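The whole structure should be built from the sequences, with the hints applied where relevant.
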Amino acid sequence: MYQCSSTISRKLTVLKNNLGRSSVKRQVHFACIVIIGMCALAEAHDIVTTPVTWDREISRIFYSRCVACHREGSRAFSLMQYQETFPWRTAIKEEVLERRMPPWGAVKGFGDFRNDQALTPEELELLTSWSQGGSPEGEEKDFPAKDKLNEMMKESAWFDAEAKASHSARQPGAIAVKGDFKLVKTFNLDGLLAKSVPPGSYQIIAELPDGRIEPLVWLDDYKEQFGHPFLYRAPLELPAGTVISGIPPGATIFLLPEEKK
Amino acid sequence: MRTVLGLLVLLVVAAAVSAQNPVIAPLPSQNAGSVYICPMDPDVRSNSPGNCARCGMALVAGLPDPVEYHLHLDVSPKPIKTGQPADLTFEVHDPWKDRPVTNFQIVHEKLFHMFVVSQDLQVFLHNHPTLGSDKSFHYQYVFPKSGMYRILGDFYPDGATPQLITKTVIVPGPAPKPASLMRDYSPKDAENMTVELTTDPPQPISGFKSQMYFRVKPAEGLEKYLAAWGHMLAASDDLIDMIHEHPFIADGGPQIQFNVIFPRARAYRVWVQFQRKGVVNTAYFDIPVKALGQ
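As they're listed, the protein sequences go chains A and B.
So the first sequence is residues 1 to 261, counted in the working numbering.
So the second sequence is residues 262 to 555, counted in the working numbering.
Hints in this document: simulated from the structure, not taken from any laboratory.
What you are looking at is a predicted structure, and each value in this text was computed from that prediction instead of being measured.
Fair warning: there could be bad hints in the mix.
Unchecked claim - BS3-like, lysine-lysine: derived pairs with alpha carbons at most 25 Å apart:
1) B/LYS406 with B/LYS358
2) A/LYS185 with A/LYS260
3) B/LYS358 with A/LYS260
4) A/LYS182 with A/LYS195
5) A/LYS146 with B/LYS358
6) A/LYS182 with B/LYS339
7) B/LYS339 with B/LYS406
8) B/LYS358 with A/LYS154
9) B/LYS538 with B/LYS449
10) B/LYS371 with B/LYS485
11) B/LYS538 with A/LYS182
12) B/LYS538 with B/LYS485
13) B/LYS438 with B/LYS406
14) B/LYS342 with B/LYS406
15) B/LYS449 with B/LYS478
16) B/LYS358 with A/LYS148
17) B/LYS551 with B/LYS470
18) B/LYS478 with A/LYS185
19) B/LYS396 with B/LYS371
20) B/LYS449 with B/LYS358
21) A/LYS178 with A/LYS223
What follows is the structure, given as C-alpha cells:
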C-alpha cells in the first residue's frame, strides 16, 4: 500500500510539472495515460461488491463439501482458512462452475443419491458471487462454532472415506456390467460403482420389462481416481428382464446390492 | 482550458484515492446487527426489514444455513405414454430425517414453480403444481414426445432457504436429436409483443456476469407476472445447467435487464416471459457462450 501511495504521489508531481510547461494537447494526452494507469492500479485490488463473506456463507460450504480433501496433511492444499482460500478464489469459481469440483462426476438430478456431493444451484451462486465480488472475509462472529465445524467436517469425511470403505466392487452380490446387460432375476439396486470410464458424458438407464425407463446415473467427466460409489436414497427394485444400457465401451459398472438387514 | 485540466487532475486524484481504499462503502451485511435477506435473491440485503426491491418478497432476518431438501417425483401411469395425461406428484422431504415437509412459503405468488424442458429444447413449460390434501404437489401434464425431460422444481420450505431442484423423467420411445444451437438474437414476435435482445458483452463469457437487455414493443400495458417484471430460464444445450432468474433492473418500461453468469462455455437457450395486458408472452433466444480468451 505504501508503495502504491508513493507511486501515485510521484505521478501526481510529474503531472503537475508537466501541466506547467507543455502544450495543452500533450498535457491532456499525458493526463489520460495517467488516469488509465491509476485505473489499472485500482484494479490490482479487489473491490468488494458482494454481501457474501467467507466467515458466514463460504466457510460453511467449504467445511461441508471440500475440507475432507482440502486440509493440512491431506492430499490437496488446505482450504480451511480464509488466508489459504483467497489466492484460489478465481480458480475455485472456474472449477465449481465447470463441475470439476467437488469431484463427483455425475449430473445432478439424474438419479437420486444419498451421498450426492454435487453443489446445489444456491451454493454455486454464493461461491460465484463471492469470487467475483472481491471475496471478502467478513466478521469473525459469523464464523461457525467449533462443534458445528466438526459436524460439517464429519459429513464431508463420510463421503471421502466411509462410503468408499463400505461399498466396493468386492461387495458380496455386486454384479459387474459391461455394455448392455439383462438381469436374469430381480435385483434391489443400492448403488453403482464406475470403473474405467472413458472421458465424456454418459447416461446410464434401466429399461424395465413393463416399459418404464429409470435414470440411473449421468456420468459426466467421471474419473477413475474418484473411486466413490453412487448410492441411491432408496433402493431401486429392478425386476428380472430389466436391461441396463448406456455404459460406454471399455467401462465397467458394478451394480451394488441392497445390504441385507 | 484550465477547467479541463483541473478536472483531469481531480480525476487522477480520485483514481489514486480509489487505489488506496479499494473497499467501497460497507454493505449492509458488513455492519453490526441484524441482516435482512431476500430468500429468493440472496444478494439483496438490508439492515432493516422490508421487501426485496427486485422481486418484492419479504426480507427475512438472519441467514439459515443452506441445506438441500429432498424432492421425490412420481409420474403415473407407468410407463409414461406420449400424448396421454400423466400425473406428476412432487413430495418434499427434509434432509435430516427424510420426513415429509408440509409447510411452504409463497414465492412469487405460488407455493411451487415447475419448469419442464425437453431434451431437444423444443418443449418449455412454466407452471405451478398445486398442494393437495396429502401435502404433495400435483400437476397433470401431457408429454408431447418421447425422450428425456428435465423438470425443475422451485419451492421454499418454511425455515429453510429456497430450493431449486432438478429431476429427470424419460418418456419411452425414440429419443429426439440433441439440440444444436446457433446464435439467435433475432427479435421474436410473441403473443402480443415483440421481444428484442442485446447482451453486454456481445458474446457472454463463461463464469463472468453478462448483462442481458430485453426490449419489449409495445411496452404500454406491461404488467408484473407472478410478482416480477419478467422471468427467465436458461438451459445449456446438454441440459446440465438450468438457471432461473428474475430481472436485475426493471421498472415497467420497455427495457428489462437480467444479469446472468453462464457457468460453462457452450450454447444456452434462454426463455423469457413478460406479461402485457393480461397475456403472458414467452420468447426464446439462443446464446453461444465463450471461454475467457477465446
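* Restraint check for B/LYS358 with A/LYS148, where alpha carbons must lie at most 25 Å apart -> holds (18 Å)
* Asked: Is the hinted pair A/LYS178 and A/LYS223 satisfied, with a Cα-Cα distance of at most 25 Å?
  -> Holds, at roughly 17 Å.
* Is the straight-line distance between the alpha-carbon of A/LYS146 and that of B/LYS358 25 Å or less? -> holds (23 Å)
* Restraint status (C-alpha distance of B/LYS538 to A/LYS182 at most 25 Å) -> Distance ~56 Å between B/LYS538 and A/LYS182 Cα, so the pair is violated.
* Quick one, are B/LYS339 and B/LYS406 close enough, alpha carbons at most 25 Å? -> holds (16 Å)
* Holds or violated: A/LYS182 to B/LYS339, with C-alpha atoms at most 25 Å apart -> holds (20 Å)
* **Straight-line alpha-carbon gap B/LYS538 to B/LYS449, limit 25 Å** => Measuring from Cα to Cα gives roughly 18 Å; hence the hint holds.
* Asked: Can the restraint linking B/LYS538 and B/LYS485 be considered satisfied, given a maximum Cα separation of 25 Å?
  -> holds (10 Å)
* **Satisfaction of hint between B/LYS470 and B/LYS551, Cα-Cα up to 25 Å** => Measuring from Cα to Cα gives roughly 12 Å; hence the hint holds.
* Given the hinted pair B/LYS438 and B/LYS406, is their alpha-carbon gap at most 25 Å? -> This hinted pair holds, its Cα atoms lying about 12 Å apart.
* To do: Quickly compare the C-alpha distance for B/LYS396 and B/LYS371 to 25 Å and report which way the hint goes.
  => This hinted pair holds, its Cα atoms lying about 15 Å apart.
* Asked: Are B/LYS371 and B/LYS485 close enough, with their CA atoms no more than 25 Å apart?
  -> holds (14 Å)
In terms of the numbered hints stated before, the structure departs from hints 1, 11, 18 and 20, listed from lowest to highest.
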